[in-house]
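S.K.: Counting the sequence shown from 1 gives a position; the working numbering is that position plus 101.
Just so you know, the hints here were simulated from the structure itself, not pulled from any lab data.
Where a beta carbon is used, it is the ideal one built from N, C-alpha and C, also for glycine.
Treat the hints loosely; a few may be bogus.
Using 30 Å as the maximum straight-line C-alpha spacing, the simulated DSS-like pairs for lysine-lysine come out as follows [unchecked claim]: (1) K259 x K169; (2) K424 x K261; (3) K261 x K169; (4) K424 x K259.
Computed Cβ-Cβ distance ranges for the label pairs, DEER-style [said to hold, decoys possible]: (5) E441 x A402: 40 to 50 Å; (6) Q151 x L510: 27 to 37 Å; (7) G509 x D132: 33 to 43 Å; (8) Q403 x K261: 46 to 56 Å.
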Amino acid sequence: MIDAVLALDDVFRREHGLVLASLVGTFRDLDLAEDSLADAIAVAAETWPQGGVPDNPAAWLITVARRKAIDRIRRARSLEERLPLLVPAQMEELESVGTDLIEDERLRLIFACCHPALSLESRVPLTLKSLCGLSTAEIARAFLTSESAMFQRITRAKSKIRLARIPLEMPSQEDIPDRVDGVIAVIYLIFNEGYQPLRGEALSRPDLCREAIQLAEMMCRLVPDASEVMGLAALCWLTDARREARVDPDGRMVLLEDQDRGRWDPRAIARGVEHLDRARHLAGMGPYLLQAEIAATHARAQTWSDTDWGLIISLYEKLLKIKPSPVVALNLAAAVAMAEGPQVGLDLMAELEVALEGYQPFHVARAELALRAGLYQVAAGWFEQALGLPGNDVEREHLTRRLVRSRGLADPK
């Protein structure tokens with residue numbers, strides 16, 4: 102039974118977007134697709150422990166969910182009205198086939214949820230919720246807002262789709278450029294949640310990282326003349342190259358300055374640099390391209406001491422001008438601290454206290470600088486604040502160790 106439960110959880114995490122996108126592609130109804138998928142998961146929770154996990158669990162879920170969707174349509178007594186919305190070619194049973202044929206449905210769903218009729222503040226959260234199955238809490242963290250406010254935002258977006266009859270389909274070629282910004286914002290946040298998830302036992306979710314990279318590559322093929330699309334792909338590859346080095350052999354978190362750079366993936370770095378080179382020859386210098394340049398600067402440094410902090414500061418200053426946010430300001434302050442000393446960074450971070458009060462990395466960054474400055478009791482207090490905010494298990498274990506070290510240095514007896 103445990104194996105079946107774990108398998109269902111694994112399928113949900115890896116295939117949620119693919120399964121839901123297939124259902125949306127068939128029924129053109131987001132609410133119906135989500136409800137039918139929930140029905141299928143409930144059936145799986147009952148039957149898999151007794152009958153075993155199917156050879157192709159994602160296809161099994163799609164098939165059962167489609168049957169449940171048709172049952173819902175019939176119960177609503179609107180079958181004759183709703184059947185024309187179905188895509189006949191997609192109504193075939195999928196038990197005997199894989200999901201490769203519908204891979205691009207994920208990108209279609211992202212574009213559909215980024216419809217211009219939806220507000221800019223709603224498009225990204227809606228897609229993260231629908232495509233990736235992220236919790237409202239996880240999405241709220243990414244947007245530095247409360248869970249209740251994010252729930253209302255997503256609910257309003259879904260109501261807008263239903264009431265305005267917004268078509269859940271791929272836009273025409275001429276309409277694609279208007280939705281690119283929203284689409285790549287979604288992909289960026291998918292990657293961020295994969296690289297540093299809010300909850301869970303692991304420091305990263307490779308499945309989400311791979312999902313984001315794959316979607317970014319699709320976008321590069323779809324709009325090859327967009328510098329920000331290329332910049333996003335470069336950023337994802339260059340950042341993901343460090344993933345394996347972020348934990349030691351015992352599974353404990355390793356800070357960037359202490360990482361074994363020999364464990365960074367050279368193929369991922371090369372792929373990222375390739376995208377970055379292409380982006381540099383295209384018009385425009387946006388936030389994703391600037392962040393990719395920062396990631397490339399880290400990748401070029403053979404050691405922590407070789408890092409070109411002057412260049413990184415310059416890049417963050419440019420980023421802050423075109424996309425002002427407290428998180429960018431935090432990263433700039435951290436870079437300045439590396440170049441000019443921890444106290445300078447702490448002074449800059451003090452200005453961000455109100456804006457980033459509920460943002461765990463803010464308290465962690467201050468605590469680490471306080472340690473460097475010899476302010477051990479202060480560091481301990483900020484590590485405690487960080488531990489009071491959501492974080493995955495590996496992060497929390499790391500912060501606990503840093504807290505103990507700070508207290509030990511503050512009171513060496």
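S.K.: If a hint holds in the structure, say so; if it doesn't, say that too.
M.R.: Here's how the hints hold up against the structure:
1. K259 x K169: 21 Å, holds
2. K424 x K261: With Cα atoms ~28 Å apart, K424 and K261 stay inside 30 Å; holds.
3. K261 x K169: The given pair, whose Cα atoms are some 24 Å apart, holds under the 30 Å limit.
4. K424 x K259: Holds, at about 28 Å.
5. E441 x A402: 40 to 50 Å: 18 Å, violated
6. Q151 x L510: 27 to 37 Å: 56 Å, violated
7. G509 x D132: 33 to 43 Å: With a Cβ separation near 54 Å, G509 and D132 fall outside 33 to 43 Å, so the hint is violated.
8. Q403 x K261: 46 to 56 Å: 51 Å, holds
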